[in-house]
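Undergrad: Residue numbers for the sequence shown follow UniProt numbering, beginning at 1 and rising by one.
Don't take every hint at face value.
[As the list claims (entries may be wrong)] Under the rule of at most 25 Å between Cα atoms (straight-line distance), these lysine-lysine pairs were calculated in the BS3-like manner:
#, residue 1, residue 2
1, Lys-104, Lys-11
2, Lys-248, Lys-214
3, Lys-214, Lys-99
4, Lys-248, Lys-320
5, Lys-273, Lys-104
6, Lys-42, Lys-248
The set of hints was computed from the structure by calculation and includes no laboratory data.
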Amino acid sequence: MVFSERVSRLKSSLIREILAAAQRPEVMSFAGGLPAEAMLPKVEWADMPLSLGQYGMSEGEPALREALAAEARALGLPCEASQVLVVSGSQQTLDLAAKLYIDKGTEILLEAPTYLAALQIFQLFGADCLTVPLEADGPNLAQLRQRLEQHRPAFIYLIPTFQNPSAVRYSEAKREAVAALLDEFGVTLIEDEPYRELTFDGGSAQPIAGRLKKSSWIYTGTVSKTLLPGLRVGYLIASPDLFPHLLKLKQSADLHTNRIGQWQALQWIGSEKYQQHLSDLRGFYRQRRDAFQAALETHFADLADWNTPQGGLFFWLTLKLPLDTRTLLNTALANDVAFMPGEPFFPEPDRNPGHLRLNFSHIDPARLDEGLKRLAAVVRQAQAAQAA
1 MVFSERVSRL
11 KSSLIREILA
21 AAQRPEVMSF
31 AGGLPAEAML
41 PKVEWADMPL
51 SLGQYGMSEG
61 EPALREALAA
71 EARALGLPCE
81 ASQVLVVSGS
91 QQTLDLAAKL
101 YIDKGTEILL
111 EAPTYLAALQ
121 IFQLFGADCL
131 TVPLEADGPN
141 LAQLRQRLEQ
151 HRPAFIYLIP
161 TFQNPSAVRY
171 SEAKREAVAA
181 LLDEFGVTLI
191 EDEPYRELTF
201 DGGSAQPIAG
211 RLKKSSWIYT
221 GTVSKTLLPG
231 LRVGYLIASP
241 DLFPHLLKLK
251 QSADLHTNRI
261 GQWQALQWIG
271 SEKYQQHLSD
281 LRGFYRQRRD
291 AFQAALETHF
301 ADLADWNTPQ
311 GGLFFWLTLK
321 LPLDTRTLLN
331 TALANDVAFM
341 PGEPFFPEPD
351 RNPGHLRLNF
361 SHIDPARLDE
371 GLKRLAAVVR
381 QAQAAQAA
């Protein structure tokens, strides 16, 4: 068969492969970024208009676009509903952005580490992925400036609030500095914020896109982490110069996003019941975060370093004795434990050994301690074998 040249760069999703391998009920999984099923809200469908079974607008339902624009303005992102495009999960935003900007060899700029599925999309389209290392409060500014002076990336992709996988939240100073640098060098920003609402200390900050004065931008979010992932409803908000192009790309992809899911999302966004649900969700996940932190201190204190996440769904561990954590997968699964190796979150995975991403939101708390105990034993066994 003769496929497109692009297919030669097509990679399977390691996280999807691990989740498939972890389907056995006895497996204790820290792998996926799955919401806790106990916190999926009960939804009603009885009042949904029959007309929503018909084709809809490519831009999305007008009332939902208005609601999303109002939420964004409250965060400090000046925009109108005409700049909002409802998408099939925020993952589609990344696909549309890649189609808009990337040809083979196009330079783009990313955090290191960065979101695995974004990396998968960008590399599929042939991007040359440049990186800036993350520090505890955001990117290394000196290296960011150096990258911008030496290259002309088509865009920079950032996850500034409870980043996946590292859980880093940019400080106010770093947000201001990043915005200033992007304006200085005229670089487009793609800002991904799926975890913004999952804050455990009440902290919030204006999006970087709302701080830009010159550069173009795309801001994207989703209801997958706060309502139901199965709705597949996300959104992008774009600067006026980019929106028409993204809309045409959306039309060529799927005509429009699921109208039934959009209707359900609209029943929640901006409502008092949604605010109560978010409050309950934060409290629930804060308790799970705290239990996970305690179990890590018991089983991993001598093995790894980590920062306690102030939001989001993940712990990011750095092993004190680095090894390729991908080599631990089969042994871990044989011991009925699943986790996400850290190497695939870097464009050059072989050069970045020794990290694990662990999800704390989904696992049954009654199995948490045993799961981390087994995973720690797998790490110790591998390190002993490496030292021998």
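Undergrad: Could you work out which of the previously given hints the structure breaks and list their numbers from low to high?
TA: 4, 5, 6
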